[in-house]
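Student: Read off the chains here:
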Amino acid sequence: MALVELRLPPLAVHVRTARLVVVAAARRAGIEDELVDELRFAVGEACSRAMGLHARYAPEQPVRITVDDGPAGLVVSVIDEGPAAGPVPDDPSAGLLDDAAQVDADSDLELVDPDLALALVTGLVDTATVDAGPAGTTVTLRWPLPVPARGPGATAISTS
Amino acid sequence: MDLSLSTRTEGDRTVVMVGGEIDVYTAPKLREQLIDLVSSGQYHLVVDMEGVEFLDSTGLGVLVGGLKRVRAHEGSLRLVCTQERILKIFRITGLTKVFPIHASVDEAVAATD
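As they're listed, the protein sequences go chains A and B.
With our numbering, letter number 143 in the first sequence gets 498, and the count goes up by one each step, no holes.
With our numbering, letter number 84 in the second sequence gets 144, and the count goes up by one each step, no holes.
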């Protein structure tokens, strides 16, 4: 069973919802403090990308986010039903500085550049995998979780 | 909205103080502010990021948009940021080469290069 499974309508306000819930779940699972900023940023980018695609191509469909903990550590998946991911550019800032990309957006989700968001996620998180298909894309992110220590008295039961 | 904005003038510069989170939901508010300033003839901007708790690619995009707008009028857009977790985002996107980033508003206002 997943720790958390979210279905969020593709609204810009919900990118923050996803960040908050995933960070809370990750902290509960014991993620180290110094990884939280990276997790928050990467999940935010992946969700912004997914929601931007849904707003354009599947506005009635929610974006799915799952958080699992298991032997592989913390696994966060962001699942969208948009068109397949384009090739990941080597230089994440190339899209930002490109004049053609400066669209005068009507809606906030149109401010998202999906390829840039994906480049930032894969550039920042070594373990990121992108599974793109005709039905959509799953971006999977993994972070290690510390193994709980076993103290000497951990299983002692007092019988008095 | 989890974004606060306030502006003040310091000489011929306009300082925009930003607080809270800049993401896809709040970035349009910052975008509007920068557009309004340029429309009203303020071309030398200092964006004080010291109160920013979160910044993502849409926030970066809005700052780049602001930079382009002021440059069209021979202006400047400088940032004030000493927070490592925000500087890191500028670094990984290569934008430290694009934006002058200062350690204080005083330093940014005095800079002329």
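Mixed in with the good hints, there may be bad ones.
One side only, chain B facing chain A, incomplete, derived with CB under 7 Å [said to hold, decoys possible]:
1) R73
2) M77
3) G79
4) G80
5) D83
6) Y85
7) P88
8) D116
9) T142
10) Q143
11) L147
The following label-pair restraints were derived from C-beta to C-beta distances [unchecked claim]:
12) D72/B with V502/A: 36 to 46 Å
13) T372/A with S64/B: 18 to 28 Å
14) D392/A with A163/B: 34 to 44 Å
15) V368/A with T156/B: 47 to 57 Å
16) L375/A with E144/B: 37 to 47 Å
17) P503/A with E144/B: 50 to 60 Å
18) A163/B with R382/A: 43 to 53 Å
19) S99/B with L375/A: 12 to 22 Å
20) A490/A with D72/B: 24 to 34 Å
To list a few chain B residues with every Cβ distance to chain A over 12 Å, as calculated [to be verified]:
21) S64
22) D72
23) T86
24) G111
25) L115
26) T118
27) G119
28) G121
29) G125
30) C141
31) H162
32) S164
33) V165
34) E167
35) V169
Hints are computed from structural coordinates only; laboratory data are not their basis.
All C-beta atoms, glycine included, are put in the ideal place defined by N, C-alpha and C.
Student: Decide, hint by hint, whether the structure agrees.
Tutor: The hints, checked one at a time:
Contact between R73/B and chain A, as hinted, is not supported at the beta carbon level, the nearest pair being about 24 Å apart and thus beyond 7 Å. A distance limit of 7 Å between C-beta atoms decides the matter here; for M77/B the minimum to chain A is near 21 Å, and the interface restraint is violated. With a cut of 7 Å, the hint placing G79/B at the interface with chain A is violated, because the nearest CB-to-CB distance is about 15 Å. Interface restraint check: G80/B against chain A, minimum CB-CB distance 11 Å, threshold 7 Å, status violated.
Nearest Cβ of chain A to the Cβ of D83/B: about 6 Å, under the 7 Å cut. The hint holds. At about 4 Å, the closest approach between the beta carbon of Y85/B and any beta carbon in chain A falls short of 7 Å, and the interface hint on this residue holds. At its closest, the beta carbon of P88/B sits 5 Å from a beta carbon of chain A; the interface hint therefore holds under the 7 Å criterion. Contact between D116/B and chain A, as hinted, is supported at the beta carbon level, the nearest pair being about 5 Å apart and thus within 7 Å.
Hint status for T142/B relative to chain A: violated, with the closest Cβ pair at about 16 Å, above 7 Å. Against a cut-off of 7 Å between C-beta atoms, the interface hint on Q143/B is violated, since the closest Cβ of chain A lies about 11 Å away. Taking 7 Å as the C-beta cut-off, the interface hint given for L147/B is violated, the closest approach to chain A being about 12 Å. Range check, D72/B to V502/A: Cβ separation about 58 Å, and the 36 to 46 Å hint is violated.
About 20 Å separates the C-beta atoms of T372/A and S64/B, a value consistent with the hinted range of 18 to 28 Å. For D392/A and A163/B, the hinted distance range of 34 to 44 Å is not satisfied, since their beta carbons lie about 21 Å from each other. Against the hinted window of 47 to 57 Å, the Cβ-Cβ separation of V368/A and T156/B comes to about 30 Å, which falls outside the hint. Evaluation of the 37 to 47 Å hint for L375/A and E144/B yields a failure: the beta carbon distance comes to about 22 Å.
In this structure the hint that P503/A and E144/B lie 50 to 60 Å apart at CB is violated, the actual value being about 30 Å. Judged by the Cβ atoms, the range 43 to 53 Å given for A163/B and R382/A is violated: they are separated by roughly 31 Å. At roughly 35 Å, the beta carbons of S99/B and L375/A sit outside the given window of 12 to 22 Å. A490/A and D72/B have their C-beta atoms about 55 Å apart, which leaves the hinted 24 to 34 Å range violated.
With a minimum CB-CB distance of about 15 Å to chain A, S64/B clears the 12 Å threshold, and the non-interface call stands. At roughly 26 Å, the least C-beta separation between D72/B and chain A is larger than 12 Å, which holds for a residue marked as non-interface. Annotated as non-interface, T86/B brings its C-beta within 12 Å of a C-beta of chain A; the closest such distance is 9 Å. The claim that G111/B is not at the interface with chain A holds, since no C-beta of that chain comes within 12 Å of its own (minimum 17 Å).
In this structure L115/B is not separated from chain A by more than 12 Å, as the shortest Cβ-Cβ distance comes to only about 9 Å. Distance check for T118/B against chain A: the nearest CB is about 5 Å away, which does not clear 12 Å, and the non-interface claim fails. At roughly 9 Å from the closest C-beta of chain A, the C-beta of G119/B falls inside 12 Å, breaking its exclusion from the interface. With a cut of 12 Å on Cβ distances, G121/B falls inside the contact zone with chain A, its closest approach being about 6 Å.
At roughly 6 Å from the closest C-beta of chain A, the C-beta of G125/B falls inside 12 Å, breaking its exclusion from the interface. Distance to chain A confirms C141/B as a non-interface residue, since its nearest Cβ pair spans about 15 Å, more than 12 Å. The Cβ of H162/B lies farther than 12 Å from every Cβ of chain A, with a closest approach of about 20 Å, so its non-interface assignment holds. Every beta carbon of chain A lies more than 12 Å from that of S164/B, the smallest distance being close to 23 Å; the non-interface claim holds.
With 12 Å as the threshold on Cβ separation, the claim that V165/B sits away from chain A holds: the shortest Cβ distance comes to roughly 25 Å. With 12 Å as the threshold on Cβ separation, the claim that E167/B sits away from chain A holds: the shortest Cβ distance comes to roughly 24 Å. Chain A leaves V169/B outside its interface by the beta-carbon criterion, the shortest separation being 26 Å against a cut-off of 12 Å.
Figure legend: structure checked against the earlier numbered hints; hints not met, in rising order: 1, 2, 3, 4, 9, 10, 11, 12, 14, 15, 16, 17, 18, 19, 20, 23, 25, 26, 27, 28, 29.
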